[in-house]
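Enquirer: So you can see what is in the structure, the chains are spelled out below.
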Amino acid sequence: MASVLIVDDASFMRMMIKDILEKNDFDIAGEAANGQEAVELYNELQPDLVTMDITMPEKDGIEALKEIKSSSPGANIIMCSAMGQQAMVIDAIQAGAKDFIVKPFQADRVMDAINKVLG
Amino acid sequence: MAGSSNDEKDLKVIIFQLKDEEYAIEVDFIQSIERMQPVTRIPGVEAYINGVMNLRGVITPVIDLRKRFGIESKEFDEATRILVLNKEGNELGFIVDGANDVMDIPASKIEPTPEVVGGVAEEYLRGVVKLENRLFTLLHLDKILQKQEDKAGA
Amino acid sequence: MSQSEYLEVFIDESQEHLQAINDNLLQLEKEPGDLSIVGEIFRSAHTLKGMGATMGFEDLAHLTHNMENVLDLIRNDQLEVTSHVMDIVFEAVDDLEEIIVDISNGGDGKQDVDAVVKHLETLQGLEPAASGEEAATAEAVQPANTINENYDEYEWTVLTQSQEQGYQAYQIQISLDEKTMLKAARVYMVFEVLEQIGDVIKSTPPADELEEEKFDFTFVVTLLTTTEADEIKQRILKVSEISSVYIKTVNIDPYKENTTKEKNQVEEKANSSPAKKQEKRKKKESSPGKKGTELNKTIRVNIDRLDVLMNLFEELVIDRGRLEQISSELNNTELNETVERMSRISGDLQEIILNMRMMPVDQVFNRFPRMVRSLSKELGKKVNLEIIGAETELDRTIIDEIGDPLVHLIRNSIDHGIEHPDVRKSSGKSEEGTVELRAYHSGNHVFIEIEDDGAGINKEKVINKALENGVVTEEDLEKMTDQQMYGLLFASGFSTAEEVTDVSGRGVGLDVVRSTFESLGGVVTVDSELGKGSLFSIQLPLTLSIIDVMLVEVAEEKYAVPLTAIIETAIVNKKEVYSAHNQKVIDFRGKVVPLVFLHEIFQVPAKDKDETDNDFYSLVIINKGEKVAGLVVDSLIGQHDIVLKSLGNYLSDVFAISGATILGDGQVALIVDTNALIK
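Protein chains in written order, with our numbering: chain A, 1 to 119; chain B, 120 to 273; chain C, 274 to 952.
Hints should not be assumed to be uniformly reliable.
Said to hold, decoys possible - Keeping only pairs whose Cα atoms sit at most 27 Å apart, straight-line, the calculated DSSO-like set for lysine-lysine is:
1) Lys18/A / Lys452/C
2) Lys193/B / Lys138/B
3) Lys752/C / Lys186/B
4) Lys116/A / Lys511/C
5) Lys23/A / Lys511/C
6) Lys702/C / Lys116/A
7) Lys23/A / Lys880/C
8) Lys69/A / Lys18/A
9) Lys506/C / Lys193/B
10) Lys897/C / Lys952/C
11) Lys193/B / Lys831/C
12) Lys193/B / Lys228/B
13) Lys698/C / Lys805/C
14) Lys116/A / Lys521/C
15) Lys69/A / Lys511/C
16) Lys900/C / Lys752/C
17) Lys880/C / Lys805/C
18) Lys952/C / Lys116/A
19) Lys847/C / Lys805/C
20) Lys66/A / Lys511/C
21) Lys18/A / Lys900/C
22) Lys831/C / Lys186/B
23) Lys138/B / Lys249/B
Quick caveat, the hints were computed from the structure, so don't treat them as lab data. All values derive from a computational prediction rather than experimental measurement.
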């Protein structure tokens, strides 16, 4: 069972993803509400996968992604973006994000992306 | 939410007694049936409001149904029961002479109310049911719960 | 997790974000140059958009999307923060609030946002008809399965040359899923995959058009690689949202002769894949906010659960009382010790639970800045609202109730207190008036004060009006202090508004404000200095659900009198009672105190035994603000912590009874509403 760290500043969004993942038998390693927490939790939990929101307080998702990638190059990180964040998504892909999903989340999209990254 | 079912099929009702008559209330509204217990008087309210009781931690108003219907009072005894109703989340107790039957009444058996049944004004009644030589009067709960204007002692 | 639970969190969080937007907008209006605030607002709007879209609230998403666009312009210095711009954004926020209110009331969140969207679009310099970024123009697409790529001479040269070096050329037709939202980013991912295994020498549509999403869902690339076709296909399919991949080998034999150009040019071309150019574009947005969310150490608990917890605990308190009573009767040492320890622990527990229900008054205060802003605009006044002590906590049942009366008082201060700028100027004040809203703790109470530096209350006017309306008599006035006279403002049917404005004077007077606070066990007082300003002060209990009372007995009935209303208890000789104006009074510590006989007020049935042999009255001296009265009871039982319970909807307006409680023996005792007993 693969473990996932969910990063999003909106607990509502975390809940949505968590629900999708739990229904598909993923193990939720943890949840973080900003980039700083994400980096700390990643190092602590070493999850198989991270879903990373882009726009967050304290430290945004792209910076967190870069930090995680620099210490764990193999990290599997999927960005969560919204419409209109194309440039940032591309930044993230360049920085090593494995995939991205776009809000509003649809369960099949999310699972498709995750399965592709882990598969 | 249970409760507001106006099904035209069978009605499950609780049968209770007041004076010489038998009455019925839909089971959906009944939360429990309690023995008589201490009731704290509330000053300055309608005379038929007996007071409030402690029903497992919930302050529950208690109405004396005899007084509500203008039937002469009688001492409470071993048979006296409090029907606890739950209407839209509010609990309310009805003091009745006795309650011991649950029955299914076919909706088709409900007949219009004769003008007066055992002294109870027509407006409180939904209809009467004749079943196996017994006559039950079906109560109109909403009407009963509407307060009267006559305040006690005021 | 059910849909309704989502909805709850959605509503909660939306409200938080709306509040943040409101706060930050007000802040921005004060400091229009501070673009970090714009970033904060943008972030909240953005999150709202995502949440709204996820829940399928399209109007919400649509509106926030347009707000975002406007904010983006501001952030990029393309739009100036003028009062007009702020008004429109506020308007948008109002609509958002309405949507959220609708949703929380069980509505579908549908709202006619066209008007505001039009305004927002005008700010963006758009023709109102043009829709947003999604308006991707569809390029002609190849019919599926048939790849028909044409190469110019230069491209053929490249193809031929690379084949000689052992590369294979493939034409690859890639189709994105029709629901793909960020197409350019997907294309970018495909190119990344392709460039790991070879060189893309051509794409249709060309790279820059792919980057601008000027294609439908399908594009074709020509790849030079040594990787097998199957492998290429697998790799591309690893990218999400790719619905199909067709690969065809390019046959370049006919052009084998034409081989002159160099290959490095090919590389150059391949490198110009989409989006590389975008790298330099706008970087991360928001700055590290000072406030930051404090999500890490808190969990969200549904308020209903807290209520259930409270209810359960209340039952425990009742049983605790019962247990204490039993153990004192049995007088068993071990039982006593155990019960004592249990009582202590449950006391601690009580404190924790009550604390959990405490919420900062900010919950109520935070909507006032917006209100003051629009109100002062409406009235043509300049008002600066200062909020102090917003972190002060109160029980949430109280928080829920004080919003409306406070709104009324603040409106009153701005409407009647603060003068117009020219009036202020001519009386030597600054044009901008100040309203200070303060909250602070003191003992078992929380005080909320509203102080303005406006015109103050004209005592003469108040007195005249009060006499006119029969609120007081000349006689009464002689005995009154200034504060008591100002307090007449709160008497029923009183209004000093000379001109009925749109703001107050709508028939709802300050008396309603007073009675609301009093129903919460609060006391309202006023002080004022003509020309300098007024101070409205509200004293509120910390919590409502578990209160300290004095239990008293009247004949065979028990009543509870809240300790907060009691000055002291006393026993007086019946001979010390006088009659004045048909009212029995006593002289108590040099003050004339009227007596209130509870057995009369509550029509308590007399006890069987004869009572005339008693020469004394047991009194509970209570107060309401400055006024004092003595409740006459048969005996004082003692002080208790009790759980306040409502009598329910059926018994909503019983005179002088504010609720009930369950005593240790399981009996119900009524709680006396002392405010109703003092005139």
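Enquirer: Look at each hint and say if it fits the structure.
Expert: Okay, the hints, checked on the actual structure:
1. Lys18/A / Lys452/C: Roughly 23 Å separates the two Cα atoms, so the pair holds.
2. Lys193/B / Lys138/B: 9 Å, holds
3. Lys752/C / Lys186/B: 49 Å, violated
4. Lys116/A / Lys511/C: 6 Å, holds
5. Lys23/A / Lys511/C: Roughly 23 Å between the alpha carbons, so the hint for Lys23/A and Lys511/C holds.
6. Lys702/C / Lys116/A: Roughly 70 Å between the alpha carbons, so the hint for Lys702/C and Lys116/A is violated.
7. Lys23/A / Lys880/C: 68 Å, violated
8. Lys69/A / Lys18/A: OK: Lys69/A and Lys18/A at ~23 Å, within 27 Å.
9. Lys506/C / Lys193/B: At roughly 91 Å apart (the allowed maximum being 27 Å), Lys193/B and Lys506/C break the hint.
10. Lys897/C / Lys952/C: 9 Å, holds
11. Lys193/B / Lys831/C: Status holds; Cα separation ~26 Å.
12. Lys193/B / Lys228/B: It is violated: about 32 Å lies between the C-alpha atoms, which goes past 27 Å.
13. Lys698/C / Lys805/C: Holds. Lys698/C to Lys805/C sits at ~13 Å (cutoff 27 Å).
14. Lys116/A / Lys521/C: OK: Lys116/A and Lys521/C at ~25 Å, within 27 Å.
15. Lys69/A / Lys511/C: Since the Cα atoms of Lys69/A and Lys511/C sit roughly 20 Å apart, the hinted pair holds (cutoff 27 Å).
16. Lys900/C / Lys752/C: 12 Å, holds
17. Lys880/C / Lys805/C: 58 Å, violated
18. Lys952/C / Lys116/A: 76 Å, violated
19. Lys847/C / Lys805/C: With a Cα-Cα distance of about 49 Å, the restraint between Lys847/C and Lys805/C is violated, given a limit of 27 Å.
20. Lys66/A / Lys511/C: With a Cα-Cα distance of about 22 Å, the restraint between Lys66/A and Lys511/C holds, given a limit of 27 Å.
21. Lys18/A / Lys900/C: 59 Å, violated
22. Lys831/C / Lys186/B: 25 Å, holds
23. Lys138/B / Lys249/B: 18 Å, holds
Of the hints listed earlier, those the structure fails to meet are numbers 3, 6, 7, 9, 12, 17, 18, 19, 21, in rising order.
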